[in-house]
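S.K.: Protein chains in written order, with the working numbering: chain E, 1 to 189; chain U, 190 to 378; chain D, 379 to 567; chain Z, 568 to 756; chain C, 757 to 945; chain H, 946 to 1134.
These are computed hints drawn from the structure, not numbers from a lab.
It cannot be assumed that every hint is accurate.
To be verified - To give an idea of the chain C side of the interface with chain Z (calculated C-beta under 10 Å), a few residues:
| # | residue |
| --- | --- |
| 1 | Glu771 |
| 2 | Pro774 |
| 3 | Arg780 |
| 4 | Val784 |
| 5 | Ser788 |
| 6 | Phe790 |
| 7 | Ala836 |
| 8 | Cys840 |
| 9 | Ile845 |
| 10 | Gly848 |
| 11 | Lys856 |
| 12 | Lys878 |
| 13 | Ala879 |
| 14 | Arg945 |
Unchecked claim - As a list, the in silico DSSO-like pairs of lysine-lysine whose alpha-carbon atoms are at most 27 Å apart:
| # | chain 1 | residue 1 | chain 2 | residue 2 |
| --- | --- | --- | --- | --- |
| 15 | H | Lys972 | U | Lys319 |
| 16 | D | Lys500 | E | Lys130 |
| 17 | D | Lys564 | U | Lys220 |
| 18 | H | Lys1067 | H | Lys1013 |
Claimed, not checked - What follows is a set of in silico ranges between Cβ atoms, one per label pair, in the way DEER data are often shown:
| # | chain 1 | residue 1 | chain 2 | residue 2 | range |
| --- | --- | --- | --- | --- | --- |
| 19 | E | Leu26 | U | Ala333 | 31 to 37 Å |
| 20 | H | Lys1067 | D | Asp439 | 53 to 59 Å |
| 21 | E | Arg148 | C | Pro802 | 17 to 23 Å |
| 22 | D | Asp439 | Z | Thr719 | 34 to 40 Å |
| 23 | D | Val406 | E | His134 | 53 to 59 Å |
Idealized CB from N, CA, C, for every residue including glycine.
Number of protein chains: 6
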Amino acid sequence: MTASVISRFSVPRLEEMPDDVRARILKVQEKSGFIPNVFLVLAHRPEEFRAFMAYHDTLMDKSGGLSKAEREMIVVATSAANQCQYCVIAHGAILRVRAKNPLVADQIAVNYRKADITPRQKAMLDFAMKVALHSPTVGDDDFADMRRQGFTDEDIWDIAAIAAFFALSNRMANVTGMRPNDEFYKLGR
Amino acid sequence: MTASVISRFSVPRLEEMPDDVRARILKVQEKSGFIPNVFLVLAHRPEEFRAFMAYHDTLMDKSGGLSKAEREMIVVATSAANQCQYCVIAHGAILRVRAKNPLVADQIAVNYRKADITPRQKAMLDFAMKVALHSPTVGDDDFADMRRQGFTDEDIWDIAAIAAFFALSNRMANVTGMRPNDEFYKLGR
Amino acid sequence: MTASVISRFSVPRLEEMPDDVRARILKVQEKSGFIPNVFLVLAHRPEEFRAFMAYHDTLMDKSGGLSKAEREMIVVATSAANQCQYCVIAHGAILRVRAKNPLVADQIAVNYRKADITPRQKAMLDFAMKVALHSPTVGDDDFADMRRQGFTDEDIWDIAAIAAFFALSNRMANVTGMRPNDEFYKLGR
Amino acid sequence: MTASVISRFSVPRLEEMPDDVRARILKVQEKSGFIPNVFLVLAHRPEEFRAFMAYHDTLMDKSGGLSKAEREMIVVATSAANQCQYCVIAHGAILRVRAKNPLVADQIAVNYRKADITPRQKAMLDFAMKVALHSPTVGDDDFADMRRQGFTDEDIWDIAAIAAFFALSNRMANVTGMRPNDEFYKLGR
Amino acid sequence: MTASVISRFSVPRLEEMPDDVRARILKVQEKSGFIPNVFLVLAHRPEEFRAFMAYHDTLMDKSGGLSKAEREMIVVATSAANQCQYCVIAHGAILRVRAKNPLVADQIAVNYRKADITPRQKAMLDFAMKVALHSPTVGDDDFADMRRQGFTDEDIWDIAAIAAFFALSNRMANVTGMRPNDEFYKLGR
Amino acid sequence: MTASVISRFSVPRLEEMPDDVRARILKVQEKSGFIPNVFLVLAHRPEEFRAFMAYHDTLMDKSGGLSKAEREMIVVATSAANQCQYCVIAHGAILRVRAKNPLVADQIAVNYRKADITPRQKAMLDFAMKVALHSPTVGDDDFADMRRQGFTDEDIWDIAAIAAFFALSNRMANVTGMRPNDEFYKLGR
Chain E
1 MTASVISRFS
11 VPRLEEMPDD
21 VRARILKVQE
31 KSGFIPNVFL
41 VLAHRPEEFR
51 AFMAYHDTLM
61 DKSGGLSKAE
71 REMIVVATSA
81 ANQCQYCVIA
91 HGAILRVRAK
101 NPLVADQIAV
111 NYRKADITPR
121 QKAMLDFAMK
131 VALHSPTVGD
141 DDFADMRRQG
151 FTDEDIWDIA
161 AIAAFFALSN
171 RMANVTGMRP
181 NDEFYKLGR
Chain U
190 MTASVISRFS
200 VPRLEEMPDD
210 VRARILKVQE
220 KSGFIPNVFL
230 VLAHRPEEFR
240 AFMAYHDTLM
250 DKSGGLSKAE
260 REMIVVATSA
270 ANQCQYCVIA
280 HGAILRVRAK
290 NPLVADQIAV
300 NYRKADITPR
310 QKAMLDFAMK
320 VALHSPTVGD
330 DDFADMRRQG
340 FTDEDIWDIA
350 AIAAFFALSN
360 RMANVTGMRP
370 NDEFYKLGR
Chain D
379 MTASVISRFS
389 VPRLEEMPDD
399 VRARILKVQE
409 KSGFIPNVFL
419 VLAHRPEEFR
429 AFMAYHDTLM
439 DKSGGLSKAE
449 REMIVVATSA
459 ANQCQYCVIA
469 HGAILRVRAK
479 NPLVADQIAV
489 NYRKADITPR
499 QKAMLDFAMK
509 VALHSPTVGD
519 DDFADMRRQG
529 FTDEDIWDIA
539 AIAAFFALSN
549 RMANVTGMRP
559 NDEFYKLGR
Chain Z
568 MTASVISRFS
578 VPRLEEMPDD
588 VRARILKVQE
598 KSGFIPNVFL
608 VLAHRPEEFR
618 AFMAYHDTLM
628 DKSGGLSKAE
638 REMIVVATSA
648 ANQCQYCVIA
658 HGAILRVRAK
668 NPLVADQIAV
678 NYRKADITPR
688 QKAMLDFAMK
698 VALHSPTVGD
708 DDFADMRRQG
718 FTDEDIWDIA
728 AIAAFFALSN
738 RMANVTGMRP
748 NDEFYKLGR
Chain C
757 MTASVISRFS
767 VPRLEEMPDD
777 VRARILKVQE
787 KSGFIPNVFL
797 VLAHRPEEFR
807 AFMAYHDTLM
817 DKSGGLSKAE
827 REMIVVATSA
837 ANQCQYCVIA
847 HGAILRVRAK
857 NPLVADQIAV
867 NYRKADITPR
877 QKAMLDFAMK
887 VALHSPTVGD
897 DDFADMRRQG
907 FTDEDIWDIA
917 AIAAFFALSN
927 RMANVTGMRP
937 NDEFYKLGR
Chain H
946 MTASVISRFS
956 VPRLEEMPDD
966 VRARILKVQE
976 KSGFIPNVFL
986 VLAHRPEEFR
996 AFMAYHDTLM
1006 DKSGGLSKAE
1016 REMIVVATSA
1026 ANQCQYCVIA
1036 HGAILRVRAK
1046 NPLVADQIAV
1056 NYRKADITPR
1066 QKAMLDFAMK
1076 VALHSPTVGD
1086 DDFADMRRQG
1096 FTDEDIWDIA
1106 AIAAFFALSN
1116 RMANVTGMRP
1126 NDEFYKLGR
């Protein structure tokens, strides 16, 4: 597989990358056993790579009102709506691993309304989809509904921010033609 | 005006903010004469604030194939499609200033196809709108079209990344109910 | 500026127009200090000009349950949905003047749901937008909702008729490529 | 059948109407053998009635590049897209009569692309539908296409103006709940 | 009229057809006085013809909670949404005959919300349209609503299955360019 | 797992089914090692079951211009557009098996435009999606395009008929809440 296969743009070799970018990539490679292509594709622009990863990590790698699996559910549902191949396949794998559930990622990707999730998770995804697809209509009523479901304002910000961040991420993946690594398809099944 | 007016979430006072966040805000206040509300609203989450501003600055404050005014055109056109009040009004002002043109921001906000812009700028906005609204259909043909218009691959990445970044930004502004400062309405007219 | 700049169709000179058309235009010029381009563009067809202006005046220049500023709000909101550059910019100016509010027109043009308007005005615009965009689904329930908000049947007709008239007007402006006069951009700010 | 059946608004009796409105209505009754409900429903507001009828007549009752049957084709196609029961059924009848063709109105109402019409008429309806449904995207290319099909600029204005006028008419009929007269269903079959 | 007029595909002559297909067609011709074109067009593929007709008959020719006229209402409403000329015109005729009502088919075809039907029939069509156009969002709430309207689960299956079967039928008619027989236009008026 | 888990409607036990329905089901169970839920859910109505399976088999189990894997590609792409969980997951599995490719089904489900398929297969799916989503606009130009790609008229009918049949199938699965068997998720990976 050549670099051009994973992106419409040039992809730097590891030795060409700034030290911090390369270090971050080697770390994920050590942990996962392979380098997810998003790291290589976005390394085309080191400054944007750093901001993207910082934003991603602060939203996805934290504890709080939402579990890590729930955060991945938001990614899979909204990325499916945006038809983002990389995000659905890569984050579907992560969701299977984090939820310890081999079915839920595919269910959410096709139609989250019929997935094996709790009513609270369904409400979370309804709101995330509204943010992803109809954000100008989000209003005080939506906040009231979410609070009634037991979500705090910090949870609501988390859901909105994850949907918003992957609005960015999906568009970058769709434009670059970012290819999901073959490893993701089987992970966690 | 109280903090609650500019966001559905709590807004920290300057003295409550981490030093780097406050420093950044004081700097923009010194330059602009007022604090654009996006800084205050996003300071609710310092980590996300830092990533957001780093991403923004690397895309918007640089030279290259696209002028700074052209970068703002992309913001205004895609934010209007996402009905983002803060972004259209604040970046409309910045566009008027950068383009030294009091009319073009309103023209682009309502219908960029009929704005007083060059055919190349029209092609730039056609592509930006496709990224904003129909990114799953972006294909090799679009790249070929853009290159035929004289855009380099780095220009194409810039256009896509700005549209993608404001896909995030518009959603955060719409969900937080971010209010544009009164100062923006008249700026550059 | 030549005639061809303001319309895709030929624009008659004042001296070529029928007397009543010219008289009407001179009167508006006297009052406004300039001739809004809609008058010149539509004078291409005097019969249609007369019907258009008669329809416009009976809907917009009257008192009743809706204030003149509220009538202009309907124009700005629905014309923004139809991306009509002339109507948003020209009637945005008139709205600023009539509402004595320099902010509300831009707010409504971008997203009326977040404008500084009363709940009653918000309900008025919700209904106007339904007429503009989804009129086949208007039903008895909508009438009941509007009456509950305190609107009379004559108010409901007014709102619907203004949205309907500007459905016509927006389409004519979009097809003719009607250009807003430069004067409108700054008016009432 | 009572007045309330044909409109959600009150319908004046003939003797309550201004003389010119009543005279116009009696004339159409004499010609058609019945009073089309649009006259009664819109007589609720005599000023708007006059402007509506003047606009209608100048567009529909004239000769020129488009035949009267072709003008009615535009009405039927765009009114079907707007799901306007009154306009499709009443103008469908008029189209059958004017085209001396008992099939074409139903064909156009369901899917004009498959109607028994000429390629030129198909191009006319393609443009009319763009005006009715996507007017912000009408551009110089559309004018060039239409001229290539042999349409003059006056023909293009006619097509656009008819589509625009029925954008108004369809919305008024949908909001008032204007009921087509039973007589229209069989006319011209 | 030649075979090619009624379909984009070749249409077999009666004597070329398998015996059972021809027998079925001769039976409908005897009953109706003409051969509805759907039989000829689909006879291009005898196996599919047999499955299509078996499916059609088990759904449409039975008694139960829904009358035969109500079944045709579902066909007309959903086929109009799919702009299927053959289905709207042919089943519109059948609906007029079965409902003994010369007006209701055209009313439903243009806008079923404003047709002369009962509230129960309106609820039936609301659900059928949701199946036709937005089936991924059908949920338990829809079932609860329908039961509240007095529909049994078997009625709900019937409504859904008819809407689903004509989703197939409309697409085959649209692709083949299936032409409605002239006889249908006047039937039952 | 109880019957109610796989459908919103009652599901007959094998011994309650008509002999031919049960025989068909036992045969598929023998071949696959489990009973795909579509057989159990549709056995609720034996007549419709028979027509459905006959239609399915004649379209999917045949040789010709399209390979069996290509037929399944059409199912997966159009079912994903209709958000049909059962069809995407079950036929995704069949596609992996028939194409001997563990990646292509997920790729097509998320965004067929970016799947590892040939240009001819991409053209096939473009046409299938047009049939699934915009069939009223299918015209002679589409046939000309397809022929230029090397498809025969019989191939075009096959593609259209498969897209049309799954328009039915997707709607039945969405309304019944048909649950994909757990076995499908891993098959062919």
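S.K.: Taking the hints in turn, state whether each one holds.
M.R.: Now for the hints, and whether the structure bears them out:
With a cut of 10 Å, the hint placing glutamate 771/C at the interface with chain Z is violated, because the nearest CB-to-CB distance is about 29 Å. Hint on proline 774/C is violated. Least Cβ distance to chain Z is approximately 29 Å, over the 10 Å limit. With 10 Å as the threshold, the beta carbon of arginine 780/C stays out of range of chain Z, its nearest partner Cβ sitting at about 26 Å, so the hint is violated. Proximity of valine 784/C to chain Z is violated relative to the hint, the smallest CB-CB distance being about 22 Å (cut-off 10 Å).
With a least beta-carbon distance of about 18 Å to chain Z, the hint placing serine 788/C at the interface is violated under the 10 Å criterion. The criterion of a C-beta within 10 Å of any C-beta in chain Z is not met by phenylalanine 790/C, whose closest approach is roughly 15 Å, and the hint is violated. For the restraint placing alanine 836/C at the interface with chain Z, the shortest Cβ-Cβ distance is roughly 7 Å, inside the 10 Å limit, so the hint holds. Annotation: interface hint on cysteine 840/C holds; nearest CB of chain Z at approximately 7 Å, less than 10 Å.
Below 10 Å, beta-carbon pairs count as interface contacts, and isoleucine 845/C has one with chain Z at about 6 Å; its hint therefore holds. Checking glycine 848/C against chain Z by beta carbon gives a least distance of about 8 Å; that is within 10 Å, so the hint holds. Annotation: interface hint on lysine 856/C violated; nearest CB of chain Z at approximately 14 Å, more than 10 Å. For the restraint placing lysine 878/C at the interface with chain Z, the shortest Cβ-Cβ distance is roughly 14 Å, beyond the 10 Å limit, so the hint is violated.
The interface hint given for alanine 879/C is broken, as the beta carbon of that residue sits about 19 Å from the closest beta carbon of chain Z, more than 10 Å. The restraint placing arginine 945/C at the interface with chain Z holds, with a minimum CB-CB distance near 5 Å, inside the 10 Å limit. At roughly 49 Å between alpha-carbon atoms, lysine 972/H and lysine 319/U are farther apart than 27 Å, so this suggested pair is violated. About 21 Å separates the Cα atoms of lysine 500/D and lysine 130/E, which keeps this hinted pair within 27 Å; it holds.
Restraint check for lysine 564/D and lysine 220/U: satisfied, since their Cα atoms lie roughly 25 Å apart, inside the 27 Å limit. For a cut-off of 27 Å, the pair hint linking lysine 1067/H to lysine 1013/H stands: about 16 Å separates their Cα positions. Remark: the range hint 31 to 37 Å for leucine 26/E to alanine 333/U is upheld by a beta-carbon distance near 36 Å. Here the CB-CB span from lysine 1067/H to aspartate 439/D is close to 58 Å, well matched to the stated 53 to 59 Å.
The hinted window of 17 to 23 Å between arginine 148/E and proline 802/C is violated, with their beta carbons roughly 58 Å apart. Judged by the Cβ atoms, the range 34 to 40 Å given for aspartate 439/D and threonine 719/Z holds: they are separated by roughly 35 Å. For valine 406/D paired with histidine 134/E, a C-beta distance near 40 Å fails the hint of 53 to 59 Å.
Hint check: violations occur at hints 1, 2, 3, 4, 5, 6, 11, 12, 13, 15, 21 and 23; the rest are consistent with the structure.
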